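Novice: Please construct the entire structure, taking both the sequences and the accompanying hints into account.
The lines below spell out each chain.
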Amino acid sequence: MPALPVPAFPPPGAIAEFSDRVVAHDLPGLPADRRAEVVAFTGRRIALLPSPMRLGVGLVAVGVGVLGRLVGLDRLTAFLARRPLPVLGEYLRLVRSLAFAYVWDTWPYTAPDGRPGGERP
Amino acid sequence: MTAAPEGPDRGPGPRLSADVLIVGSGAGGGPTAALLAEAGFDVLVLEEGAMVRQGDVAPFSLEQMDRQYRAGGVTAALGLPSIAYTEACCAGGGTEVNSGLYRRPPEEVLERWRTDRGLVDFESDELYRICDEVERELSVQTVPGTQTPASEALRRGAAELGWHHDEIPRWMSYPDGTDARSGRRQSMTETYLPRAEAAGARLLTDHRVDRLIMDGNRAIRAQVSGPAGTGTADFAHVVVCGGAIQTPALLQRSGLRRRIGGTLAVHPTVKLAARFDEAVNVVDDVPVHQVKEFAPDLSFGGSASPPGLVALALSDDWGRFGRAILDWEHLAVYYAAITSEGRGRVTALPGLRDPLVTYRLTRRDRALLNRGLARLALLLLEAGATEVYPSYRGAPVVRRSVDLATLQATFAVSRASVMTVHLCSTVPFGEDDRAAADSFGRLHGIRNVHVNDASLLPDAPGVNPQASVMAVAIRNARRFIESVKR
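These protein sequence lines are chains A and B, in that order. Just so we're aligned, residue 284 is where the first sequence starts under the working numbering, counting upward by one. Just so we're aligned, residue 13 is where the second sequence starts under the working numbering, counting upward by one.
Hints were generated in silico from the structure; no laboratory data involved. Hints are not guaranteed to be accurate.
[Stated by the list, open to error] Which chain A residues face chain B? A few, computed with CB under 7 Å, are given here:
#  : residue
1  : G326
2  : R328
3  : S334
4  : P335
5  : V370
6  : S380
7  : A384
8  : W387
9  : D388
10 : P391
11 : P395
12 : R398
Since we're looking at a predicted model, the values are computed, not measured. All C-beta atoms in this analysis are idealised placements derived from N, C-alpha and C, irrespective of residue type, glycine included.
Specialist: Below, the structure is given as structure tokens:
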């Protein structure tokens with residue numbers, strides 16, 4: 284049973300764009316270089332998802348990308364953060380979970396809005 | 013051993029052969045390999061994950077998730093809600109990454125399995141004698157000295173309420189110190205796998221068994237993929253020990269589907285973060301106390317609490333809870349686990365590398381999770397927590413016991429982060445028409461395919477299942493040796 288060539292799906296650009304907006308919304312104080320690092324991490328982890336989950340996330344990512352173009356990705360992200368919808372909300376939650384885990388695993392003294400904190404020993 | 017015929021399934025990768033092929037090297041595969049090799053069988057263990065030695069990665073870190081977990085630790089059983097779970101993918105399997113807590117299977121659980129599933133020669137005395145052996149082999153013991161503050165808080169809260177609690181022993185040795193954090197995990201790579209190799213078994217990591225090739229009611233060969241490409245492994249017998257997700261997935265990919273994969277059982281958990289005046293956080297260890305006042309329905313314990321996981325526990329209502337992360341050294345994460353009546357399914361889908369995993373909680377499960385979270389919050393208030401942050405959207409900050417009514421009124425499983433780590437029962441053994449494997453793990457109707465891991469357990473035992481898995485695996489391995497040598 285040959286495996287389908289799914290690694291190119293979901294489209295990394297759509298995931299990265301959405302992740303960037305989610306992180307910017309939730310952690311507005313996170314410096315741009317750190318945000319880029321977090322977005323790269325979420326992209327890597329989503330690419331590693333088990334194939335059925337990856338396919339599902341990919342479909343949602345494409346849908347969110349299309350909706351984002353229609354209403355603006357920032358507006359859509361803010362709306363989803365306020366009113367978590369069943370499937371789209373799960374996508375946002377996945378991205379947020381990965382991002383938060385990475386931020387505080389990497390920079391434990393980050394402030395709640397993402398501003399770098401004093402690195403205590 | 014029996015020579016397998018040449019066929020079209022051979023690739024450019026490795027060409028391997030053994031009397032017994034063992035797929036997976038965790039709590040089921042490790043002891044099976046050791047016992048069979050010591051009994052004189054030519055044993056080959058194929059492990060999909062890498063060999064990562066203890067100390068190479070920090071416990072409970074993202075790096076550990078990258079190197080020792082499947083999919084970087086991001087796996088979920090889909091449903092309403094989806095349940096996040098983790099699966100190890102490394103030499104030694106889950107024994108390398110889990111909490112190391114050891115609970116013998118309760119007598120009533122063994123009795124239920126024996127009578128309800130018609131298990132043959134499944135005597136508690138024998139299983140507990142095997143537990144004695146395992147406990148010696150893995151140095152199972154309680155912490156000889158100081159507990160972590162987060163564990164002590166759990167004990168204190170239960171004691172204040174008069175709830176039954178105890179310290180759970182772990183498979184740890186304490187050669188260099190006497191506090192909880194000085195332990196060295198006696199995982200499979202430290203114990204049974206070296207024993208297996210010393211007796212001549214070969215362990216090949218980074219090699220995945222894609223499927224078994226069947227000839228009637230016998231498996232004759234495994235299709236294997238590794239760094240050198242796709243190859244094969246010939247065998248006379250195969251013992252599949254890939255865990256409750258990968259074992260049924262492999263069997264289904266091999267065309268074996270009867271009663272396989274449809275009865276996934278887990279212990280669903282909900283979490284909260286509790287804040288104390290004193291620093292309680294220990295980034296690289298977990299509490300060893302558990303509260304069993306409401307067992308088997310409900311159990312309370314402590315989770316790993318590095319700052320990344322504390323942030324995760326607070327993230328469901330970050331707008332209100334987020335400020336607490338500034339004080340993460342004073343926070344620890346705890347869980348309420350239930351014995352679920354729900355069931356899940358593992359389904360290998362054509363053309364996809366990984367299986368689809370689903371799970372459905374029952375109404376009773378949902379009510380129990382609600383009750384469990386409220387009781388856990390109460391316990392932590394009694395332990396001295398100043399604030400408790402339940403992990404669901406719209407949760408109140410619990411500061412006094414009066415806030416628990418709000419918690420119970422606003423809790424909805426669909427808004428919660430539900431997780432689990434104990435997965436089992438996808439290839440249940442027994443002699444009735446629900447069983448996929450016989451009383452000793454051989455698939456019904458198939459001559460030489462055996463299962464020997466958590467998949468066999470008829471249901472979730474209500475306690476950390478590794479002791480149950482190991483006791484059953486050793487029992488089955490001994491029966492295999494007797495029956496084949498006879």
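Novice: Run every hint past the structure and note whether it holds.
Specialist: Hint-by-hint comparison with the structure:
Interface restraint check for G326 of chain A: the shortest CB-CB distance to chain B comes to about 12 Å, outside 7 Å, so the restraint is violated. Proximity of R328 of chain A to chain B holds as hinted, the smallest CB-CB distance being about 5 Å (cut-off 7 Å). With a cut of 7 Å, the hint placing S334 of chain A at the interface with chain B holds, because the nearest CB-to-CB distance is about 4 Å. Evaluation of the P335 of chain A hint against chain B yields a held restraint, the C-beta minimum of about 4 Å falling below 7 Å.
Proximity of V370 of chain A to chain B is violated relative to the hint, the smallest CB-CB distance being about 10 Å (cut-off 7 Å). The closest approach between the C-beta of S380 of chain A and any C-beta of chain B is roughly 6 Å, which is under the 7 Å cut-off, so the hint is satisfied. Checking A384 of chain A against chain B by beta carbon gives a least distance of about 4 Å; that is within 7 Å, so the hint holds. The closest approach between the C-beta of W387 of chain A and any C-beta of chain B is roughly 4 Å, which is under the 7 Å cut-off, so the hint is satisfied.
Of the supplied interface hints, the one on D388 of chain A holds, with its beta-carbon coming within about 3 Å of a beta-carbon of chain B, less than 7 Å. A cut of 7 Å between beta carbons decides the hint on P391 of chain A: the least distance to chain B is about 4 Å, and the hint holds. A least Cβ separation of about 4 Å between P395 of chain A and chain B falls short of the 7 Å threshold, and the interface hint therefore holds. Contact between R398 of chain A and chain B, as hinted, is not supported at the beta carbon level, the nearest pair being about 11 Å apart and thus beyond 7 Å.
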